[in-house]
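Chemist: Read off the chains here:
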Amino acid sequence: MQSAPIVEARAIHKHFGHLHVLKGVDLVVAEKELVFLIGPSGSGKSTLLRCLNRLEDPSSGSVTVDGIDMLDARTDINKARQRIGMVFQSFNLYPHMTALGNVALALRKVQGLGRAEAEAKAAAALDRVHLGDRADHYPLQLSGGQQQRVAIARAIALEPRVMLFDEPTSALDPELVGGVLAVMRELREDGMTMVVVSHEMGFAKAAADRVVFMADGAIVETGAPDEIFANPQHERTRGFIRQIERH
Amino acid sequence: MTGWERFTDSFFNARVMAEYLPKIIDGFWLTVVLALCIIAAGLAAGLALALVRAFGIRPLNWLIIFVVDLFRALPPLVIIVLLYFGLPNAGLELSGFVASWLALTLVLMAFSEEIFWAGITSVPKGQWEAARSTGLGFVQTLSYVVLPQALRITIPPLTNRTIAITKGTALASVVAVPDILGAANAGVSFSFNPSPLTLGAIAYLVLFFPVVVLGRWIETRFAWKR
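Chains F and Z, in that order, give the protein sequences. Just so you know, we're using the working numbering here: the first sequence kicks off at 18 and counts up by one. Just so you know, we're using the working numbering here: the second sequence kicks off at 44 and counts up by one.
Careful: at least some of the hints might be erroneous.
For lysine to aspartate or glutamate, the following DMTMM-like pairs were computed, each having C-alpha atoms within a straight-line distance of at most 20 Å [claimed, not checked]:
1. F:Lys126 / F:Asp93
2. F:Lys126 / F:Asp150
3. F:Lys96 / F:Glu73
4. F:Lys96 / Z:Glu172
5. Z:Lys210 / Z:Asp52
6. Z:Lys168 / F:Glu73
7. F:Lys126 / Z:Glu172
8. F:Lys222 / F:Asp233
9. F:Lys40 / F:Asp233
10. F:Lys222 / F:Asp207
11. Z:Lys168 / F:Asp74
12. F:Lys222 / F:Asp243
Between beta-carbon pairs, the in silico distance windows are [stated by the list, open to error]:
13. Z:Val182 / F:Gly256: 43 to 51 Å
14. F:Arg132 / Z:Val75: 36 to 44 Å
15. F:Ser79 / Z:Ala83: 48 to 56 Å
16. F:Phe33 / Z:Gly169: 12 to 20 Å
17. Z:Ala83 / F:Arg132: 28 to 36 Å
18. F:Ala141 / Z:Phe109: 47 to 55 Å
19. Z:Pro200 / F:Arg132: 27 to 35 Å
20. F:Ser76 / Z:Val95: 28 to 36 Å
21. Z:Trp105 / F:Ala188: 37 to 45 Å
22. Z:Gly169 / F:Arg132: 25 to 33 Å
23. F:Phe33 / Z:Ile100: 20 to 28 Å
24. F:Ser79 / Z:Ile100: 28 to 36 Å
In short, the hints are calculated from the structure, not lab data. For every residue, glycine included, the Cβ atom is placed at its ideal position computed from N, Cα and C.
For reference, chain Z alone in the conformation it holds in the complex (with noise of 0.2 Å):
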């Protein structure tokens, strides 16, 4: 066997491919639906987080900087381990899939918390001013002028770092989670072939790709109009 043939046997094994393929195709609904449920949760926390912190109570700023800051400081796969090994000693046990999705939505949450922060903040005072000049209120003028506009700013970050925890996904195969990776980790361990992990990085692509096109879309989408 030449190298090459050893390669092409190793990664692009057609009758491993086709035998591990369900169980990929699987995974990465599996994948699709543990992401979804990450982004919706973690921006929603995220945004909600800001919004508290923008009404300048202090006490409660401490805190969501602290937890923010928390939840970015810590890897994600230390979160993870810490909620899958670590709760039931507390008498909470999760499944895999429910202990990645709260860890990942925790990181996402406050990455996109200090983001939605720093778009809202970005919005200069006059902004404020001239719509309280005009008699609405602060929860007004955040709806109306101030959010509109931090959305804006906060797209291609806000996309960055979605695609990149979403990613994360991956990490839910080391609490047996059979998700994209898992599945392709468990093929090739049966198998005695790395192929499945090539149909592992195929479903990845057909997955992000989209998205990261279609935050592009969005980006265009919502330029401000010239």
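Chain F with its partners taken away, still in its complex shape (with noise of 0.2 Å):
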């Protein structure tokens, strides 16, 4: 585990407005590791994901991903972006291209491949998340779950070094969660290092290295998904965590 890491956020303040959002947040993960992210909602979770790809610009502090300053001025973010694949609550599907096409483009005008090539990348892609033979199917025929394993597909066909989850399940019929969580946890033991904003707390607990709790735009608290569940050292992380076992 003691590998250099992949992501290494320093200090990272985040004001909107008159909001702080985000109170000088250390966030380090390593190599192959995939960290979960809890916290009651406005604690700053999302905001602190959204900064890793630079999605949000943080109003100070500093991020480095894969050896890249994301931060500098000079630095290509639209290259820098390829190595960080994102998956959001909404799914976020292009609604005009099919399955393979919203897999397909950023290969083409990004990477800037041939179509027969990106193609074959995408249907790759797709097998992975096991939507292989959805390929020709637009986003609005396929349902949630599908919808999801699809964006997944689109953000690994770049090859990225990270993947970043914002509340992946959380937009998900319950009888379709189990399909997405799978395929994180395929993804997970291919080696992918991941930071998790959820509150599947079985499959934190199954799969999560560490869990990060977060309140009012700092981190609280730091583990092993068994200590932080079982045993949490702050009466904030007592509180958040019976609260969300009783759901």
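Two chains, each in its own frame: build the complex with the hints.
Modeler: As structure tokens, then:
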């Protein structure tokens, strides 16, 4: 576990107007590590995640991903983002493209592959999320769980060094959650580095290396899943764990 | 003569219609050309302005909004008259055709810019974020992800507005353009009989009915695949 960190975020502050959303957060993720971010809504966990690929610009602090200084003005952000896959709560598939088209777009336009090569790679990515037979379906023809798996394929097709998941199962009907988590678990087993914002405690217990509990824009407590869930040190963590376990 | 005979003699007078049909047909083609020129230039200019606006350069956007609001507020006829009778004083003489084309193009540009812009802003922020997170740049995201979705949303209001404004080609008759209405009016004046107006109405139907049907077809053609 002691290899060079893939993600190194230091002293991240983020202000939205008068709101101080992140108050000096440090997050270091080692290669092949799966880090779970939990915390009450408004605690800043999604904002932290979005600072890692600069969908949000941190107000101050430093972010390094795979050795690239993400906040340096000279960094080609579009190039850097190919190394950081992101999956969103609301899938955000392009509705005017087939599943294959969704996955192939960045392969063609960002990586500059020809159509045939891009589509072959896209088809392979769809196979990895077990949707090879849905390649020519449009997003509206797929279930929520299938859409989210296409979104995962869209990200992994670019062969990122780290995957960010922003509440990937929150918008799904309960019976569709399993398929998405199964794909995430396979990614983990293939050695993908992952940062996951989610309330899927079962998945966290089974797959996470580390759980980070955030509240009010700061990290309250960090530890192995069984420590955090069975024996939380802070009162805020205990309160939060009690609350989600009741559900 | 009964009332009915007076009516048919006034509006469906075969002799008068036969006499002025060629002029109306000429007017028909002139209207087609004028309408096509307005649609092509107006929509292209409107889309261009909306795309420039998407870059979010403040002073430029204020200018765009001002121009757009100006041409949405002014009645098309006023613009035509200003261009046709006003510009010669500034040393620029436009023909009736060019004045009408320019005026209606500016109006269609203004309205279509607002429609295109509304379409672009209606594409959810998540689409931008998903595309940018895969490394697509701003312009790439705009052209491959946002614009194709925006255009689909804009098709119904755009078709309606385009039809409404191109029907304004009838205003060109005011500045002596022999379009459908111009030719029909001339016919009425020479024959002292309103039947050419009936022909004109039919010509407008023949021209715009297919456009309306085409608009409907485009709407279905570009609906999301379900």
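Chemist: Each hint: holds or not?
Modeler: Hints and how they fare:
Of the pairs offered as hints, the one joining Lys126 (chain F) and Asp93 (chain F) holds, with about 15 Å between alpha carbons and a cut-off of 20 Å not exceeded. Note on Lys126 (chain F) and Asp150 (chain F): the hinted pairing is violated, with a Cα-Cα distance of about 24 Å set against a maximum of 20 Å. Of the pairs offered as hints, the one joining Lys96 (chain F) and Glu73 (chain F) holds, with about 17 Å between alpha carbons and a cut-off of 20 Å not exceeded. Taking the CA atoms of Lys96 (chain F) and Glu172 (chain Z), the gap is about 15 Å. The hint holds against a cut of 20 Å.
Between the alpha carbons of Lys210 (chain Z) and Asp52 (chain Z) the distance comes to roughly 28 Å, so the proposed pair goes past 20 Å and is violated. For the suggested pair Lys168 (chain Z) and Glu73 (chain F), the alpha carbons sit about 13 Å apart, so the restraint of at most 20 Å is met. For the proposed pair Lys126 (chain F) and Glu172 (chain Z), the alpha carbon gap of about 16 Å is at most 20 Å, so the pair holds. Simply put, Lys222 (chain F) and Asp233 (chain F) have alpha-carbon atoms about 24 Å apart, too far for the 20 Å limit, and the pair is violated.
Note on Lys40 (chain F) and Asp233 (chain F): the hinted pairing holds, with a Cα-Cα distance of about 8 Å set against a maximum of 20 Å. In summary, the hint linking Lys222 (chain F) to Asp207 (chain F) is supported, as the alpha carbons are separated by about 18 Å, within the 20 Å threshold. For the proposed pair Lys168 (chain Z) and Asp74 (chain F), the alpha carbon gap of about 16 Å is at most 20 Å, so the pair holds. At most 20 Å may separate the alpha-carbon atoms for a hinted pair to count; Lys222 (chain F) and Asp243 (chain F) meet this at roughly 7 Å.
One distance hint, 43 to 51 Å for the beta-carbon pair Val182 (chain Z) and Gly256 (chain F), holds here, with the actual separation near 48 Å. In this structure the hint that Arg132 (chain F) and Val75 (chain Z) lie 36 to 44 Å apart at CB holds, the actual value being about 39 Å. Between Ser79 (chain F) and Ala83 (chain Z), the C-beta spacing of about 52 Å keeps the proposed range 48 to 56 Å intact. Judged by the Cβ atoms, the range 12 to 20 Å given for Phe33 (chain F) and Gly169 (chain Z) holds: they are separated by roughly 18 Å.
For Ala83 (chain Z) and Arg132 (chain F), the Cβ-Cβ distance of about 31 Å falls inside the hinted range of 28 to 36 Å, so the restraint holds. At roughly 52 Å, the beta carbons of Ala141 (chain F) and Phe109 (chain Z) sit within the given window of 47 to 55 Å. A hinted range of 27 to 35 Å for the beta carbons of Pro200 (chain Z) and Arg132 (chain F) is consistent with their spacing of about 34 Å. Range check, Ser76 (chain F) to Val95 (chain Z): Cβ separation about 30 Å, and the 28 to 36 Å hint holds.
One distance hint, 37 to 45 Å for the beta-carbon pair Trp105 (chain Z) and Ala188 (chain F), holds here, with the actual separation near 38 Å. Taking the beta carbon of each, Gly169 (chain Z) and Arg132 (chain F) are about 26 Å apart, inside 25 to 33 Å as hinted. Range check, Phe33 (chain F) to Ile100 (chain Z): about 23 Å between beta-carbon atoms, so the 20 to 28 Å window is met. At roughly 30 Å, the beta carbons of Ser79 (chain F) and Ile100 (chain Z) sit within the given window of 28 to 36 Å.
Hint compliance for this structure: hints 2, 5, 8 are not met, and every other hint is.
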